Amino acid sequence: MKRALLLIAALLCLTACRRVEPEDTGATSTPTARNDGRTLRIFMWSDYIDPEVVEDFERHEGVRVVIDTFESNEAMLAKLQGGGAAYDLATPSNYVVQTMVRAGLLQPMRKELLGNFGNIAAGFLNPNFDPGNTYTVPYQYAATGLAFNAKRYTPPQESWSLIFGPTDTVRFALLDDPREVIGAALKSLGYSVNSSEVEELRAARDLLRRTVAKRGFESFSGGPEIRNKLLAGSIDLGQIYVGDLLQGAAEDPNLKVFLPREGTTISTDTLVLLRSSPNPALARRFVDFVLDPEVSAAISNYTYYGNPNAKAQPLLDPFLRSQRAFNPTAEDFSSGRVEFINELPRGTTTRLYDRIWTELKAR
Amino acid sequence: MVFAFLYLPILVLIVFSFNDSRFGATWEGFTLRWYGVLAARSDVREALGNTLLVALSSTVISTVLGTLVGLGLWRYSFRFRTGLTFLLVLPIVIPDVVMGVSLLMFYALVRSGLELTGWTFDNGFWTVMLAHVTFQISYVALTVRSRLAGYGPELEEAARDLGANGVQSFLRVILPLALPGVLAGALLAFTLSLDDFVVTYFTSGSGFRTLPVVIYTSVRRGVTPDINALSTLLVLFTVVAILVGNAILRPRRGRA
Chain A
1 MKRALLLIAA LLCLTACRRV EPEDTGATST PTARNDGRTL RIFMWSDYID
51 PEVVEDFERH EGVRVVIDTF ESNEAMLAKL QGGGAAYDLA TPSNYVVQTM
101 VRAGLLQPMR KELLGNFGNI AAGFLNPNFD PGNTYTVPYQ YAATGLAFNA
151 KRYTPPQESW SLIFGPTDTV RFALLDDPRE VIGAALKSLG YSVNSSEVEE
201 LRAARDLLRR TVAKRGFESF SGGPEIRNKL LAGSIDLGQI YVGDLLQGAA
251 EDPNLKVFLP REGTTISTDT LVLLRSSPNP ALARRFVDFV LDPEVSAAIS
301 NYTYYGNPNA KAQPLLDPFL RSQRAFNPTA EDFSSGRVEF INELPRGTTT
351 RLYDRIWTEL KAR
Chain B
1 MVFAFLYLPI LVLIVFSFND SRFGATWEGF TLRWYGVLAA RSDVREALGN
51 TLLVALSSTV ISTVLGTLVG LGLWRYSFRF RTGLTFLLVL PIVIPDVVMG
101 VSLLMFYALV RSGLELTGWT FDNGFWTVML AHVTFQISYV ALTVRSRLAG
151 YGPELEEAAR DLGANGVQSF LRVILPLALP GVLAGALLAF TLSLDDFVVT
201 YFTSGSGFRT LPVVIYTSVR RGVTPDINAL STLLVLFTVV AILVGNAILR
251 PRRGRA
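Top line first, the protein sequences correspond to chains A and B. Numbering follows this note's numbering, with no gaps: position 74 of the first sequence is 74. Numbering follows this note's numbering, with no gaps: position 86 of the second sequence is 86.
In case anyone wonders, no lab produced these hints; they're calculated from the structure. Because the structure is a prediction, the values reported are computed rather than measured. One should not assume that every hint holds.
From the derived model, a few chain A residues whose C-beta atoms are all more than 10 Å from chain B [as the list claims (entries may be wrong)]:
1. 47
2. 79
3. 83
4. 117
5. 156
6. 158
7. 170
8. 171
9. 210
10. 315
11. 334
12. 340
13. 342
With the Cβ distance kept under 8 Å, some of the chain A side facing chain B (calculated, not the full set) [said to hold, decoys possible]:
14. 41
15. 58
16. 85
17. 87
Cβ atoms here follow ideal geometry from the backbone N, Cα and C, with glycine treated the same way.
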C-alpha cells in the first residue's frame, strides 16, 4: 500500500514537472490529442458568442466547432491543468493569463499569422498582462459602471460618492467580487485598482467598512441579479458590468448605466491558444475569423459586451454605440480613468485583499 | 412556509421559461418559443443523450458491484471490514470538488503511465462513467447492507438445512431479501449520476457534455430562457422518475 502511494506520488511529480516546461514556439500538440483538422474545440463563457457566427465558420471551413463552457476562471484553470481535455482555444479573463503562461498551458498566438490582427484598437494592444500580445488576442471586454432605473431614481451626479459618500438614503448593491468592490473603493479614493500600498488599502478598507454599514446597503450580488433588483426597484443604484446592464436596457430603456467620473475597473476576456491544441492552424483561422470587423460586430451585437475591434465600431448596433459606458474613449484608457484589473503580486498583497474581503463579507 | 421557500423558486423558473424575453429581465408575454429553441439546440440533445448513457451504464455497473460489496460486508467478517466501510463512506462525505480534481489527476497519471506503452486515451464517456461508478458504489453498498442489517447468518444456514446449495440460497433467499435495498440503491445511484455536475465537469475532457454541465455553466452570465425551459423539463422528469420509483418499490416493500 505504502509502496503504491509512493509510486503515485512519484508519477504525480513527473506529470507536474512536465507541465511547467518553458514555452516554445512550435505548433506542437499532445500525443493524446486527435489531430484530425476537422474539429475545433473551444472552452469559453456560456452565451458568449453568436451561434450564427459559429455556423458561418463551420460552413466556411467545412469543420465542426465544439464549444464547452465554464462558469469561472478558476474552474477553467483547474480543468485545463488536470490535462485530458484537448481544447484549441479558451477565453480567460486578463488577470489569469499570466498564471496560465506560468503553468505552461499556452502556446504563442503568433499574431503575425493573423491577417486581421491590425483591426484591434490601440488601447487593447500590448497590454501589461501580455506584453507584445504574445499569447492573447482581446475578445470582448466589460467595464464596471453604476446603474440605475430612471423611472424610480435619478442620480444627481455620476460619481462613486453616491455610494461611498456621506449620504445614507440611497439603496445600493455591490458586485459579489473582491477585485471589483475593493477596486471601486480604491478608485473613488484616487488610487489604482491594482494598488499594493498598505496605506491605500487600509483607507479602502475603512471606506468599505463604513459603506456596508449604511442602511442603504442591500447586498453583494451577481450582475444579472443586480439588474433584476433595479428593475424591481428594490435598489436605487447597482455596481454592474456594463454588458449585463445593457442586456436589460435593450428591453427596458429606463435602465441606465454610467462610468463614475473618478474612474472604474475594466477587464478583458482574451482568446488564447492552448498548448494542448490538436489543431493550432485551424484555431488561428478561427481567431482571424473573429477579428473580421463584421464577425466581431455580430458577436458584440449578440452579447452586448465591449468590442476591442476598431474596424467593427461602425457596424455595432446604434443602441450600443449611443451608450457612453459601452464605449470608453481612448482618453479614458490613457488617463487611467478606466483601469484594467491585473493579477496581484503574490504574498502580502493577495493576503491583504483576501482579508479585506473576508471581513466585509463576514460583517 | 417551508414548502413555499422550497418550491417557489422552482415555480418562478417554470413561469419564466414561458417568458418572451431573451434576457429574462422583464415579463414580455407568454411564449413557447424557448421550448422550440431548446428542441433546435443540437448540443442540448447531445448532452441529454450523454447524460442518460452515463447514468444508465454507470448505474448498472455500480449496482452489481455495490450489491456484491454490500452483501460481502454483511455476510463475512474479515480483517479490513471497518477499513472497507470507512472507504465506502468516504465518497459520500468527501467534497465533490476534491473528488473531481483527484479523479482528474488520477486519469492524467494513468495516461502518462500508458504513454510509455504507446497507448493513450482522451477523457470522455469512459472516464465520466467510471468516475460516477466510484461514488455510486458507496450508495448502493450501504443501502444493501443496511437493508440486510436486521438479518443474521442463520438465514443462510436455514436455507442450507432445507437442502439449498450456495447458489440456490443466494438466489432464492438472500437476493429477494436484499432486492428493495438494491433497487433503492440503484435509483439513488441513477439520480446522483443525472444530477452530478462537479465530478462530471472535471473528468469529461473536451466535447463531452452532460445536461448539468450545460446548465450550471450558463448560470453565471444570466440564465437564458431556453435553459429555464430545459430545467423545467428536468424537474418534470425527476418528479416522474420518483413517482415511478415509488411505484416499483412499494409492493416489494410490503412483501418483504
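Verification of the supplied hints:
Chain B draws residue 47 of chain A into its interface by the beta-carbon criterion, the shortest separation being 6 Å against a cut-off of 10 Å. At roughly 6 Å, the least C-beta separation between residue 79 of chain A and chain B is not larger than 10 Å, which violates its mark as non-interface. In this structure residue 83 of chain A is not separated from chain B by more than 10 Å, as the shortest Cβ-Cβ distance comes to only about 4 Å. Listed as outside the interface, residue 117 of chain A is consistent with that label: its C-beta sits roughly 26 Å from the nearest C-beta of chain B, beyond the 10 Å cut-off.
Residue-level check passed: residue 156 of chain A sits 26 Å from the nearest beta carbon of chain B, beyond 10 Å. The non-interface label for residue 158 of chain A is consistent with chain B: the shortest C-beta to C-beta separation is roughly 23 Å, beyond 10 Å. Every C-beta of chain B lies more than 10 Å from that of residue 170 of chain A, the closest at about 22 Å, which supports listing it as non-interface. With 10 Å as the threshold on Cβ separation, the claim that residue 171 of chain A sits away from chain B holds: the shortest Cβ distance comes to roughly 19 Å.
At roughly 30 Å from the closest C-beta of chain B, the C-beta of residue 210 of chain A stays outside 10 Å, upholding its exclusion from the interface. At the 10 Å boundary, the C-beta of residue 315 of chain A stays outside the reach of chain B, the nearest C-beta of that chain being 21 Å off. The claim that residue 334 of chain A lies off the interface holds: its Cβ sits roughly 30 Å from the closest Cβ of chain B, which is beyond the 10 Å cut-off. Residue 340 of chain A, annotated as away from the interface, keeps every beta carbon of chain B farther than 10 Å; the closest lies near 20 Å.
No Cβ of chain B approaches the Cβ of residue 342 of chain A within 10 Å, the least distance being about 22 Å, so the stated non-interface status holds. The restraint placing residue 41 of chain A at the interface with chain B holds, with a minimum CB-CB distance near 5 Å, inside the 8 Å limit. Given the 8 Å rule on beta carbons, the hint for residue 58 of chain A is violated: about 12 Å separates it from the nearest Cβ of chain B. Annotation: interface hint on residue 85 of chain A holds; nearest CB of chain B at approximately 5 Å, less than 8 Å.
For residue 87 of chain A, the suggested interface contact is upheld, since its CB lies about 5 Å from the closest CB of chain B, less than 8 Å.
Checked against the numbered hints listed earlier, the structure breaks hints 1, 2, 3 and 15; every other hint is satisfied.
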